[in-house]
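Colleague: The listed protein sequences correspond, in order, to chains A and B. Residue numbers for the first sequence follow my numbering, beginning at 1 and rising by one. Residue numbers for the second sequence follow my numbering, beginning at 1 and rising by one.
Since the hints were made in silico from the structure, they are not lab data. A portion of the hints provided could be inaccurate.
[What the hints assert, rightly or not] Think about it this way: if two alpha-carbon atoms lie no more than 30 Å apart in a straight line, the pair counts; the simulated DSBU-like pairs of lysine-lysine are:
#1 A/LYS90 with A/LYS71
#2 A/LYS161 with B/LYS159
#3 B/LYS159 with A/LYS133
#4 B/LYS77 with A/LYS90
#5 A/LYS133 with A/LYS94
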Amino acid sequence: MTFINYASREINCKIVYYGPGLCGKTTNLQYIYDSTAPASKGKLISLATETDRTLFFDFMPLELGTVRGFKTRFHLYTVPGQVFYDASRKLILKGVDGVVFVADSQEERMDANIESLYNLEENLQTHGHDLMKIPYVLQLNKRDLPNVIPTADLTAELQRKGEPVHEAVASTGVGVFDTLKSVAKQVLTELRKS
Amino acid sequence: MTDTPIAIREPQFQQLQTALAKLRADSSAQVAFLVDKNGQAIAVQGDVSNLDTTSFASLAAGNVAATGGMAELVGEKEFPTLSHEGERESIYICVIGRALLIVVFDERASLGLVKLRVKQASREFAQIFAEINTQANETTNNESLFAEITDEDIDSLFK
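Given the sequences, and given the hints that come with them, work out the whole structure.
Modeller: The following block contains the structure:
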């Protein structure tokens, strides 16, 4: 849910990175955090287990610049990918303005991708959102690994509505900002429509 | 149902700030803070020079969301208030519609006093938010401002 403060001339939007466990959601945020000037970002908050698996969420605020005199700030969240944290995933989707689905390109994670995508659709519905209508981007991550499924096959399996698809290697930053730009543009375009 | 955007205009923002300042003074608190349930900071009063308000807002919302999830599991609609007591600093959170009213206080205040003052102030906050919601449903000149955002405006953010 976009929050517009006319007094301080700010627009705040919420973007959630979704996907199966260990697909690279936190790595996306970590790369954005590491590559952004200190003035444009706040702290990266990670609520993680002792083994660095996301327990509740990761969060970072990112200021992109000014549109028509309004500061635009994106609040980036990840969800915990592990199946049994579904209650937490549902909570984090509340008030979401745009979603990035991070798919793990490895062959053995295909089922996990599909399961997570169904889970996303279901959880969006509980908040009254429709995946077919919400700003949405598909990221095919881990393209550098040897056992990846060809992009065309992954896209055919996971693309839902002709959404932008970005190949990525989040650990080195490939495709990370393209993905972010892609979803942020859709969110701002949606704001214009409303 | 999908939430509509919260849009706060100058008069309501000033009313919120005034009500927050009063609450902070009346409860002898260090900080009085309004956050929306999705973790966006709305307004704050007090000394926040050592407080990362953006992170604080998102964590408070996560805290309330998690507690709300537990409430549902035990058959409650929600737990409308939360308090966390530390050795020196304490936090009291009260859910007011779509917003969270958060008070940070130390030994100069007591939880009882903070609870009382928050309860007294919550009606005023609820009224201001009702006005904000009413205005959000009305079309104003300001809203057309976003309709005029061009593709170039959006692209310029990513240069």
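Colleague: Each hint should be assessed against the structure and marked as holding or not.
Modeller: Here is what the structure says about each hint:
Between A/LYS90 and A/LYS71, the direct Cα distance comes to roughly 29 Å. Compliance with the 30 Å bound is thereby established for this hinted pair. At most 30 Å may separate the alpha-carbon atoms for a hinted pair to count; A/LYS161 and B/LYS159 meet this at roughly 28 Å. Note on B/LYS159 and A/LYS133: the hinted pairing holds, with a Cα-Cα distance of about 27 Å set against a maximum of 30 Å. Restraint check for B/LYS77 and A/LYS90: the C-alpha separation of about 16 Å stays at or below 30 Å, so the hint holds.
With a C-alpha separation of about 16 Å, the suggested pairing of A/LYS133 with A/LYS94 holds against the 30 Å cut-off.
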